[in-house]
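First to last, the sequence lines map onto chains H and V.
Residue 234 in the numbering used here is what sits at position 234 of the first sequence, and the numbering runs on without skipping anything.
Residue 184 in the numbering used here is what sits at position 184 of the second sequence, and the numbering runs on without skipping anything.
Errors might be hidden in some of the hints.
A pair counts as met if it fits within one copy or between any two copies, since identical chains are not told apart.
[Unchecked claim] No more than 27 Å apart at the CA atoms, straight line, and that leaves these computed lysine-lysine pairs for BS3-like:
no.	residue 1	residue 2
1	Lys-248	Lys-212
2	Lys-333	Lys-148
3	Lys-78	Lys-185
4	Lys-266	Lys-248
5	Lys-77	Lys-185
6	Lys-271	Lys-212
7	Lys-87	Lys-248
8	Lys-148	Lys-185
9	Lys-248	Lys-280
10	Lys-301	Lys-212
These aren't lab readings, by the way, just hints derived from the structure by calculation.
2 protein chains.
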Amino acid sequence: MKIAVDVMGTDYGIAELVKGTVNAVKQFACDMILVGDAAKIQTELDKLGAHSDKIQIQNTTQVIEMDEHPAQAVRQKKDASIVVAAKMLRNVECDAVVCAGSTGAAMTAATLVTGRSKGVERPAIALTIPGMGNGTVLVDVGANVDAKPHQLVQSAIMGSVYAEKILHILQPKVGLLNIGSEETKGNEQTLATFPLLKFCRQLNFMGNVEGKDIAAGTADVVVCDGFVGNTVLKFGEGLAKTIFALLKESVISSGVSTKIGAMLMKPALEKLRSRMDPNKYGGALLLGIKAPFVICHGNSKAYAITNAIGTTIEFVKNNVCNEISARIESYNKDLMAGNL
Amino acid sequence: MKIAVDVMGTDYGIAELVKGTVNAVKQFACDMILVGDAAKIQTELDKLGAHSDKIQIQNTTQVIEMDEHPAQAVRQKKDASIVVAAKMLRNVECDAVVCAGSTGAAMTAATLVTGRSKGVERPAIALTIPGMGNGTVLVDVGANVDAKPHQLVQSAIMGSVYAEKILHILQPKVGLLNIGSEETKGNEQTLATFPLLKFCRQLNFMGNVEGKDIAAGTADVVVCDGFVGNTVLKFGEGLAKTIFALLKESVISSGVSTKIGAMLMKPALEKLRSRMDPNKYGGALLLGIKAPFVICHGNSKAYAITNAIGTTIEFVKNNVCNEISARIESYNKDLMAGNL
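Kindly generate the complete structure, drawing on both the sequences and the hints.
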């Protein structure tokens, strides 16, 4: 198995991506292609003393930055690292792509260059959100921001395959993110989606869930529009950060005994922090593309990249893309036959 | 000033609402009308030994439960506590209403029975979300789940008046909740709303904000669709609860030193918990109604009700409803004159 890592355009620079890749080779014995500025990549490899024949370099001369318009940039910058990686994937020169640059550019390159799976209308991004239990797969967290009802059903099917094949959950419970649990609650979009999910035999639909159910782990998979999912995701990141910052502030402004308490409690707080760390799940999965594409947070450190590569290996090994194709085609057939 | 409290249909029963009201009379010397089952209310008052001539009782014989269809129930149950309270407000028999039952029923009773402010298309619910700084006003958290762009502008204006008149923030900074900070980012709804907010002279618009900005306090007021706001709100409540539950679990499964640490740290943790407690802000404000309407969480305890009554007094004193009317009319005039 060979995985391409686009090392360009991230918050902490090439070093973290190269380090994460080198660690992945040690841990998983996979073959890797580092895509980006070859000279800089070589410098980082030298620093780490990493001279493995399992690591290749693919030189590229362009980068798509975070603030560029994704579709324009992907069309114009033919030698951008993400475009080259997506092309290698299309040409089966690698089995999967991992990236941590502009999410918009990654989505666009995956869709336009690698190509969608047959029958998939819109790709969706799935991410495991930490919480009680083993976390909840939230899909879509930002790919399709004005999702049509049957596109939400496709997202639900794709998220369900992810939960089954990678997280090994049997018949994952799927919930529709809504503002109330009753079938009659919701906005136009969720009201129209509910009956489609209810009668979809490719899914184990449990009904509506609310925002509070995400961290509670009520459902295995929670499906929502990309706008809502992205907002929830970023709000959660911000809130967790704020809670830890306020706790620190509260300790600093307290007396000696509280400070001693904080020192003694450090292991428990660290355990909590690592449990709530989204990086441990290793990136978000772009579902609905012909081949595996994993998108990491722009601020990913080496540890997160290594985990993302681990997830990507599972993504490839378990034939998630083929299973998605098969199930989406089965759903589309039901739809055409008027069975829904 | 006379405030009506609907004591029916809440999670913890009449006792908490009566207790919260009695405490409010002591604290704010306001006149109160308790609306609901008179015999039960009297029993609770007797238990507390509260015999103040500042507390009246208005007997009602019906209740709208959480799972009833709001519009149907409001139309059919003429003697439901929330309907009677809304009618008293319309007839100026009281200056404001506080309730903690079904939010849908409260919204419907307020809109159909008390009536909207002139020029307001759809009421919106505003709530202060705790975080860094003094918290952020999030509007709308659930009234209008398929908001049109100019309805979002009205919500922003109403939220802005709240921040100014009740939280005493001069020229509050208003942000549009979106999936990116650039003007070109968003879904159809936010893309259409951005230019309207930009050219609205009734607002101090700062541009797009993201989910992470809510707890960070980047803006004073964050405006969003009721579906998104409600989801974010419930997700935040669930996440904060999960973080505290996991911390407790982590301490319980740890050694003696961590447990001692947790005991010593308790004051700092309590300080954090109370800082992140949405109840301290005392309920959500239903904006766009002719007179003040405050909606408390269904699980409000006496303390939250007392705070909500405190907020309601500010709501009345500062003529928030009149100011909203004036500013919405000014915006509507600009709109009609083609100034936008």
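At most 27 Å between C-alpha atoms: does Lys-271 with Lys-212 qualify within a copy, between copies, both, or neither?
both (22 Å within a copy, 23 Å between copies)
At most 27 Å between C-alpha atoms: does Lys-78 with Lys-185 qualify within a copy, between copies, both, or neither?
So Lys-78 and Lys-185 pass the 27 Å test across copies only (24 Å; inside, 47 Å).
Between the shortest in-copy and the shortest cross-copy C-alpha distance, which are at most 27 Å for Lys-266 and Lys-248: within, between, both, or neither?
Both: 11 Å inside a copy, 13 Å across copies.
Within a copy, between copies, both or neither: which one fits Lys-301 and Lys-212 at a CA-CA cutoff of 27 Å?
between (29 Å within a copy, 20 Å between copies)
Within, between, both or neither, where Lys-248 and Lys-212 count as close if Cα-Cα is 27 Å or less
both (25 Å within a copy, 19 Å between copies)
Regarding Lys-87 and Lys-248, is the shortest C-alpha distance of 27 Å or less found within a copy, between copies, in both, or in neither?
neither (46 Å within a copy, 49 Å between copies)
Homo-oligomer pair classification [Lys-185, Lys-148; C-alpha up to 27 Å]
For Lys-148 and Lys-185, both the intra-copy (18 Å) and inter-copy (19 Å) Cα distances are at most 27 Å.
For Lys-77 vs Lys-185, is the C-alpha pair at or below 27 Å within one copy, between two copies, both, or neither?
For Lys-77 and Lys-185, only the inter-copy Cα distance (21 Å) is at most 27 Å; the intra-copy one is 46 Å.
How would you classify Lys-333 and Lys-148 at a CA-CA limit of 27 Å: within, between, both, or neither?
within (18 Å within a copy, 35 Å between copies)
Since the copies are identical, ignore which copy is meant and state whether Lys-248 and Lys-280 lie within 27 Å (CA to CA) inside a copy, between copies, both or neither.
both (23 Å within a copy, 21 Å between copies)
When held up to the earlier numbered hints, the structure conflicts with hint 7 and nothing else.
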